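Number of protein chains: 2
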Amino acid sequence: MKDKHQIRLSGSGGQGMITAGVILAEAAGVHDGKNVVQSQSYGPEARGGASKAEVIISDQEIFFPKATAIDILLAMTQEAWDRYSDDLREGGLAVVDSFYVKAAGRPNVHALPLSQSAREEVGIEIVANFIALAAIAELTGVVSKAALEKAMLARVPRGTEDKNRKALEIGYRLARGAKG
Amino acid sequence: MKDKHQIRLSGSGGQGMITAGVILAEAAGVHDGKNVVQSQSYGPEARGGASKAEVIISDQEIFFPKATAIDILLAMTQEAWDRYSDDLREGGLAVVDSFYVKAAGRPNVHALPLSQSAREEVGIEIVANFIALAAIAELTGVVSKAALEKAMLARVPRGTEDKNRKALEIGYRLARGAKG
Chain A
1 MKDKHQIRLS
11 GSGGQGMITA
21 GVILAEAAGV
31 HDGKNVVQSQ
41 SYGPEARGGA
51 SKAEVIISDQ
61 EIFFPKATAI
71 DILLAMTQEA
81 WDRYSDDLRE
91 GGLAVVDSFY
101 VKAAGRPNVH
111 ALPLSQSARE
121 EVGIEIVANF
131 IALAAIAELT
141 GVVSKAALEK
151 AMLARVPRGT
161 EDKNRKALEI
171 GYRLARGAKG
Chain B
1001 MKDKHQIRLS
1011 GSGGQGMITA
1021 GVILAEAAGV
1031 HDGKNVVQSQ
1041 SYGPEARGGA
1051 SKAEVIISDQ
1061 EIFFPKATAI
1071 DILLAMTQEA
1081 WDRYSDDLRE
1091 GGLAVVDSFY
1101 VKAAGRPNVH
1111 ALPLSQSARE
1121 EVGIEIVANF
1131 IALAAIAELT
1141 GVVSKAALEK
1151 AMLARVPRGT
1161 EDKNRKALEI
1171 GYRLARGAKG
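Protein chains in written order, with my numbering: chain A, 1 to 180; chain B, 1001 to 1180.
Because the hints were derived from the structure by calculation, they are not lab data. Note that this is a predicted model, so its numbers are computed, not measured. You may find that some hints are simply not true.
As the list claims (entries may be wrong) - SDA-like, lysine to any residue: derived pairs with alpha carbons at most 20 angstroms apart: (1) Lys-150/A x Gly-33/A; (2) Lys-1145/B x Lys-1066/B; (3) Lys-4/A x Gly-1014/B; (4) Lys-66/A x Gly-1043/B; (5) Lys-4/A x Lys-1066/B; (6) Lys-1150/B x Asp-162/A; (7) Lys-66/A x Gln-1060/B; (8) Lys-150/A x Ala-1067/B; (9) Lys-1145/B x His-1031/B; (10) Lys-1004/B x Val-1030/B; (11) Lys-1066/B x Arg-158/A; (12) Lys-163/A x Arg-1158/B; (13) Lys-66/A x Gly-1014/B; (14) Lys-1179/B x Gly-1141/B; (15) Lys-66/A x Lys-1179/B; (16) Lys-1066/B x Ala-67/A; (17) Lys-1066/B x Thr-68/A; (18) Lys-1163/B x Lys-1102/B; (19) Lys-1150/B x Gly-49/A; (20) Lys-66/A x Ala-1067/B; (21) Lys-163/A x Gly-1141/B; (22) Lys-4/A x Phe-63/A; (23) Lys-66/A x Ala-1069/B; (24) Lys-1066/B x Phe-63/A; (25) Lys-4/A x Gly-43/A; (26) Lys-1150/B x Gly-43/A; (27) Lys-1066/B x Ala-69/A; (28) Lys-150/A x His-1031/B; (29) Lys-150/A x Thr-160/A; (30) Lys-1004/B x Gly-1048/B; (31) Lys-1145/B x Arg-1176/B; (32) Lys-1150/B x Gly-14/A; (33) Lys-66/A x Lys-1145/B; (34) Lys-1004/B x Ala-69/A; (35) Lys-1163/B x Thr-68/A; (36) Lys-66/A x Glu-1061/B; (37) Lys-66/A x Lys-1004/B; (38) Lys-163/A x Asn-108/A; (39) Lys-66/A x Ser-1058/B; (40) Lys-1066/B x Gly-43/A.
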């Protein structure tokens, strides 16, 4: 794995992108021992309902904390794809929700049934964000599975651990299918 | 109010500093209509248990998203003060927890019973982070009270609204006492 990754998680407000960004950062920063900067910015477009969180993960110190050339993009909605995919660098990898994103025309896009699997297998769509994180972990190795689970369990409400663990399992499985 | 504020919220892991940072950012960015960048970085010191979140709030576009000269500092523990107060600019304002921070020797430091009031008046210490946000709002006007309440209620677990609203009221009251 190369030593610096710039990851953008995007969707609509209420899809848990910021929670996912914080958990990915804590997994890599606290549990995997990497240097990490996690950020969200709010401007006029945030008031329109789009939401994005960014995570930079590096083995080295991070001097400029703004993500510039995105390596790894998650888009949970068509609007998020349309608005936030331009910064994905050539050769970068994208994971998009196959239910909400219909037009994502570029190479190396993995369209996975994130929200659909959340609804059908877990019974609640909100865990689609954790399915997505697990898929990204499986596809890219940017964070270890053990770290991701630890960081997630430290932030989810008590009593929801089983559903959230199940979400991770679904994400690993979907991504293995996409790789294979 | 001048048009740019750099705010650092610091404490130990588990005191809710990152949650507070996200809520302050959403209050100012989504509800008050400001430009906001919210970030946390994780390096070797994060593994030691210290935690900080930063929020930059501006009427203008924010080009450099790293907080440099902090205007407003919250320190919930002595360790957080010792580690993170050096960047507080001259004339900057600090709010510290009077129970955990014993030595914060510089002008313009408001030592308030944040954790103690949370324990005694709400019955749970974890809401001290929201008492702190409310105190900062009252002392600095950096975010409106209506926006802070909206953003907080959108992120707290259902059923905890009353305790969290009470935390805001305590924070406003403590800060009014500190000003008066």
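Taking the hints in turn, this is what the structure says about them:
1. For a cut-off of 20 angstroms, the pair hint linking Lys-150/A to Gly-33/A stands: about 13 angstroms separates their Cα positions.
2. Distance restraint check for Lys-1145/B and Lys-1066/B: the Cα-Cα separation of roughly 26 angstroms exceeds the 20 angstroms cut-off, and the hinted pair is therefore not satisfied.
3. With a CA separation close to 28 angstroms, the supplied pair Lys-4/A and Gly-1014/B exceeds the 20 angstroms bound.
4. Our distance criterion of 20 angstroms between C-alpha atoms is met by Lys-66/A and Gly-1043/B, whose separation comes to about 16 angstroms.
5. A hinted pair counts as satisfied when its Cα atoms are at most 20 angstroms apart, and Lys-4/A with Lys-1066/B qualifies at roughly 18 angstroms.
6. For the suggested pair Lys-1150/B and Asp-162/A, the alpha carbons sit about 30 angstroms apart, so the restraint of at most 20 angstroms is broken.
7. In summary, the hint linking Lys-66/A to Gln-1060/B is supported, as the alpha carbons are separated by about 17 angstroms, within the 20 angstroms threshold.
8. Annotation: proposed proximity of Lys-150/A to Ala-1067/B is violated, straight-line Cα distance about 29 angstroms (limit 20 angstroms).
9. In summary, the hint linking Lys-1145/B to His-1031/B is supported, as the alpha carbons are separated by about 10 angstroms, within the 20 angstroms threshold.
10. Taking the CA atoms of Lys-1004/B and Val-1030/B, the gap is near 17 angstroms; set against the 20 angstroms cutoff, the hint holds.
11. For a cut-off of 20 angstroms, the pair hint linking Lys-1066/B to Arg-158/A is broken: about 34 angstroms separates their Cα positions.
12. Our distance criterion of 20 angstroms between C-alpha atoms is met by Lys-163/A and Arg-1158/B, whose separation comes to about 18 angstroms.
13. Of the supplied pair hints, the one linking Lys-66/A and Gly-1014/B is violated, its CA atoms being roughly 26 angstroms apart against a limit of 20 angstroms.
14. Only pairs whose Cα atoms come within 20 angstroms are accepted, and Lys-1179/B paired with Gly-1141/B is accepted, the gap being roughly 13 angstroms.
15. A distance of roughly 37 angstroms separates the Cα atoms of Lys-66/A and Lys-1179/B; the hinted pair therefore is violated under the 20 angstroms criterion.
16. Distance check on the hinted pair: Lys-1066/B and Ala-67/A sit about 12 angstroms apart at the alpha-carbon level, within 20 angstroms; holds.
17. Distance restraint check for Lys-1066/B and Thr-68/A: the Cα-Cα separation of roughly 14 angstroms lies within the 20 angstroms cut-off, and the hinted pair is therefore satisfied.
18. For the suggested pair Lys-1163/B and Lys-1102/B, the alpha carbons sit about 27 angstroms apart, so the restraint of at most 20 angstroms is broken.
19. With a C-alpha separation of about 15 angstroms, the suggested pair Lys-1150/B and Gly-49/A falls inside the 20 angstroms cut-off, and the hint holds.
20. For the given pair, Lys-66/A sits about 12 angstroms from Ala-1067/B by alpha-carbon distance, which is consistent with the 20 angstroms threshold.
21. Between the alpha carbons of Lys-163/A and Gly-1141/B the distance comes to roughly 41 angstroms, so the proposed pair goes past 20 angstroms and is violated.
22. For the given pair, Lys-4/A sits about 12 angstroms from Phe-63/A by alpha-carbon distance, which is consistent with the 20 angstroms threshold.
23. The suggested pairing of Lys-66/A with Ala-1069/B holds, with an alpha-carbon distance near 18 angstroms, which does not exceed 20 angstroms.
24. A C-alpha spacing of about 9 angstroms is found between Lys-1066/B and Phe-63/A, which places the hinted pair at or below 20 angstroms, so the restraint holds.
25. Only pairs whose Cα atoms come within 20 angstroms are accepted, and Lys-4/A paired with Gly-43/A is rejected, the gap being roughly 27 angstroms.
26. Of the supplied pair hints, the one linking Lys-1150/B and Gly-43/A holds, its CA atoms being roughly 18 angstroms apart against a limit of 20 angstroms.
27. Between Lys-1066/B and Ala-69/A the alpha-carbon distance is near 18 angstroms, which keeps this suggested pair within the 20 angstroms criterion.
28. For the hint linking Lys-150/A to His-1031/B, the alpha-carbon distance of about 32 angstroms lies beyond 20 angstroms, and the restraint is violated.
29. Our distance criterion of 20 angstroms between C-alpha atoms is met by Lys-150/A and Thr-160/A, whose separation comes to about 14 angstroms.
30. For the suggested pair Lys-1004/B and Gly-1048/B, the alpha carbons sit about 31 angstroms apart, so the restraint of at most 20 angstroms is broken.
31. Among the hinted pairs, Lys-1145/B with Arg-1176/B is consistent with the structure: their alpha-carbon atoms are about 14 angstroms apart, no more than 20 angstroms.
32. Note on Lys-1150/B and Gly-14/A: the hinted pairing holds, with a Cα-Cα distance of about 14 angstroms set against a maximum of 20 angstroms.
33. Distance hint between Lys-66/A and Lys-1145/B is unfulfilled; the C-alpha atoms sit about 29 angstroms from each other, more than 20 angstroms.
34. In summary, the hint linking Lys-1004/B to Ala-69/A is not supported, as the alpha carbons are separated by about 27 angstroms, beyond the 20 angstroms threshold.
35. This hinted pair does not check out: Lys-1163/B and Thr-68/A have alpha carbons roughly 41 angstroms apart, beyond 20 angstroms.
36. At roughly 14 angstroms between alpha-carbon atoms, Lys-66/A and Glu-1061/B fall within 20 angstroms of each other, so this suggested pair holds.
37. Straight-line distance between C-alpha atoms of Lys-66/A and Lys-1004/B comes to about 18 angstroms, which keeps the hinted pair within the 20 angstroms bound.
38. Distance hint between Lys-163/A and Asn-108/A is unfulfilled; the C-alpha atoms sit about 29 angstroms from each other, more than 20 angstroms.
39. The straight-line distance between the Cα atoms of Lys-66/A and Ser-1058/B is roughly 17 angstroms, inside the 20 angstroms bound, and the hint therefore holds.
40. For the hint pairing Lys-1066/B with Gly-43/A, the CA-to-CA distance comes to about 16 angstroms; that is within 20 angstroms, so the pair holds.
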